[in-house]
Amino acid sequence: MLLLAARKWKGGWSDGILYAILLVSSLLCLFPLVHVVAVSFSSSHAAASGSVVLWPEEATLSSYRFVFRQRQFLEAAWISAQRVALATAVGFVLTSLAAYPLSREPREFAGRTLYAWYFAFVLFFGGGLIPLYMTVKDTHLLDTIWALVIPGAVPVFNVLLLLNFFRGLPRGLEESAKLDGAGHFKVLLRIYLPLSLPALATTTLFTMVAHWNNWFDGLIYMNSKDNYPLQTLLQTIVIAKDAQFSSVQDAAAMALISDRTVHSAQIVVAAFPILLVYPFLQRFFIKGIVLGSVKE
Amino acid sequence: MKALRWKNQWPLHLMIWPAVALLFVYSYVPIAGALFMAFQKFNPAKGVFASPWVGLDNFRYIFSMPDMGRVLFNTVYIASMKIVAGLLVPIAFALMLNEVRVAAVKRTFQTLVYLPHFLSWVILSGILIDILSPSEGIVNKAIAGLGLEPVFFLTDNRWFPFVLVTSDVWKEFGYATIIYLAALTSINPALYEAAEIDGASRWKRTLYVSLPGMAPIIVLMAALSLGNVLNAGFEQIFNLYNALVYESGDVIDTLVYRIGLEQAQYSVATAVGLFKSLVSMFFIVISYGLAYRFANYRLF
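Protein chains in written order, with the UniProt record's numbering: chain A, 1 to 296; chain B, 1 to 300.
Hints were generated in silico from the structure; no laboratory data involved.
Source: prediction; values computed, not measured.
Cβ atoms here follow ideal geometry from the backbone N, Cα and C, with glycine treated the same way.
Take the hints with a grain of salt, since some may be wrong.
Claimed, not checked - Simulated DEER-style distance windows between Cβ atoms: (1) GLY147(B) to ASP259(A): 25 to 35 Å; (2) ARG171(A) to GLY55(B): 27 to 37 Å; (3) ASP138(A) to ILE143(B): 49 to 59 Å; (4) ARG71(A) to ASN296(B): 50 to 60 Å; (5) GLN72(A) to ARG293(B): 23 to 33 Å; (6) TYR77(B) to ARG107(A): 25 to 35 Å; (7) TRP10(B) to LEU169(A): 14 to 24 Å; (8) ASN242(B) to HIS140(A): 31 to 41 Å; (9) ARG171(A) to VAL25(B): 27 to 37 Å; (10) HIS140(A) to ARG258(B): 22 to 32 Å; (11) VAL105(B) to ARG71(A): 18 to 28 Å; (12) VAL53(A) to ARG293(B): 49 to 59 Å.
As the list claims (entries may be wrong) - Below, simulated DSS-like cross-link-like pairs (lysine-lysine); rule was C-alpha separation at most 27 Å, straight line: (13) LYS7(B) to LYS137(A); (14) LYS137(A) to LYS141(B); (15) LYS204(B) to LYS106(B); (16) LYS241(A) to LYS204(B); (17) LYS137(A) to LYS225(A); (18) LYS7(B) to LYS178(A); (19) LYS46(B) to LYS186(A); (20) LYS241(A) to LYS225(A).
Claimed, not checked - What the simulated footprint calls covered on chain B by chain A, stretch by stretch (three residues with Cβ under 8 Å from a Cβ of chain A suffice, anywhere in the stretch; the number is not a length): (21) 20-28; (22) 85-99; (23) 134-142.
The task is simple: from the sequences and hints, build the whole structure.
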């Protein structure tokens, strides 16, 4: 009896430690984000005094007002939105079109293995930064939005993910469609794509998040800052600390905002679309990752 | 026979060619370009076909650079620490999460730790620079509250690698946890019941049921991460470092960026990049071989 009670108590004790560790690590992931949100809504005075922790002090929308009045910031956000839309559309078409032939058995598609290695090789080996930059320059994409879309338009990892999904689909449907006279294009469009919605949602979300978050290509391919997508602009403002307050003359406005509160607001705005879709994202992604990594 | 084949198969070729062509231009042409430029004194005005050849001069130059030894060491050192921590933390976290019996609680923890993965290094670095600032950052306010001296996390060479590894684990451990958790959920519950009946404690069950059940995935992830031994994480370091911590934080990729795009020494940067690609490919081939042999993993 005593032994049983001891065992029970021991279980409770280890449960306590377990939950404490899980809780602390979860909060460590969330805390910095909440802190930045709190700073972004605080006055410059409160932010400088260091009293802001998880809740805004002397709450004000001034930093956000400042951010949304910056023409360059809004234009960069628009470029990012266009970029995500274009890249998602192009990526969707190219990924589906490439994954279908690669999902065929070699006897149905003679070049299949050769093509597959052609695709996979670029996962292993690249020419590096400078030659890629030269190629983008020579194909006249510099300073256009296509420089952000075209060089990475074939996400090979997504192709692999989708082709593995295609392979798991029942072949019977396809065979009966073929008997009815459907060609490859029709089979892809009418059977494979509608049946692959979970995989397509995963790869599409992958593409959208990657393009929203990418800042480096904007930094190297755009000569003019007017062409920067949002994350690239954020990089130059928050990380490289380029001039910021050239447009603020008003002393009263300066009392409410500071570099620190404005940077925090800019970070929050740039993260906002991700946070907004996150609940939808993560459900798909869990499936997607498992789909892409664990195979029989 | 051949004609019949073509008649059936031409749509498949047609489908795949747009992707093939784009990969050719933006993946294979740069590879070819690198093979030229690394052995030339590349002059952008002349292009790869007219620039003079210099043999191995660029490689001789990079290995005689006084910084090269330090940069190679930093790269391997930071990357290895990230690989080890990036394996152990998610495994431990998945094992702990697996002990949580209430599904909703489990999912909540999982959702929270997974969040930083979705944010860019620009955003996360912006946050880190703010919270780690010696003057107004909340971490140093807390340290000051304990009566200690402020820590210059991002400008002190003793601290910088630690910040890199910790923040990388912070960003990515939730992502990797999912993979291990998937492996854990596929373990037959009867094994746990049997172990319990035999009197195995929670610790013993973890040691003798959970860990062996995860072993194939652990081996796979470990093997695949071997390919990253020269990838110390460009985006993260580029956004967090500064001249004060070049000594401990400068890695191959940041060096390529500086000598290539900032100093316009195209050939030298390409030679460094090519060296990195070749070594990386060597490790990837080995790791793929290991993954195939020990975890029966195939790419497609």
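* To do: Could you tell me which of the numbered hints above are not met by this structure, giving the numbers in increasing order?
  => 2, 5, 6, 11, 13, 14, 16 and 19
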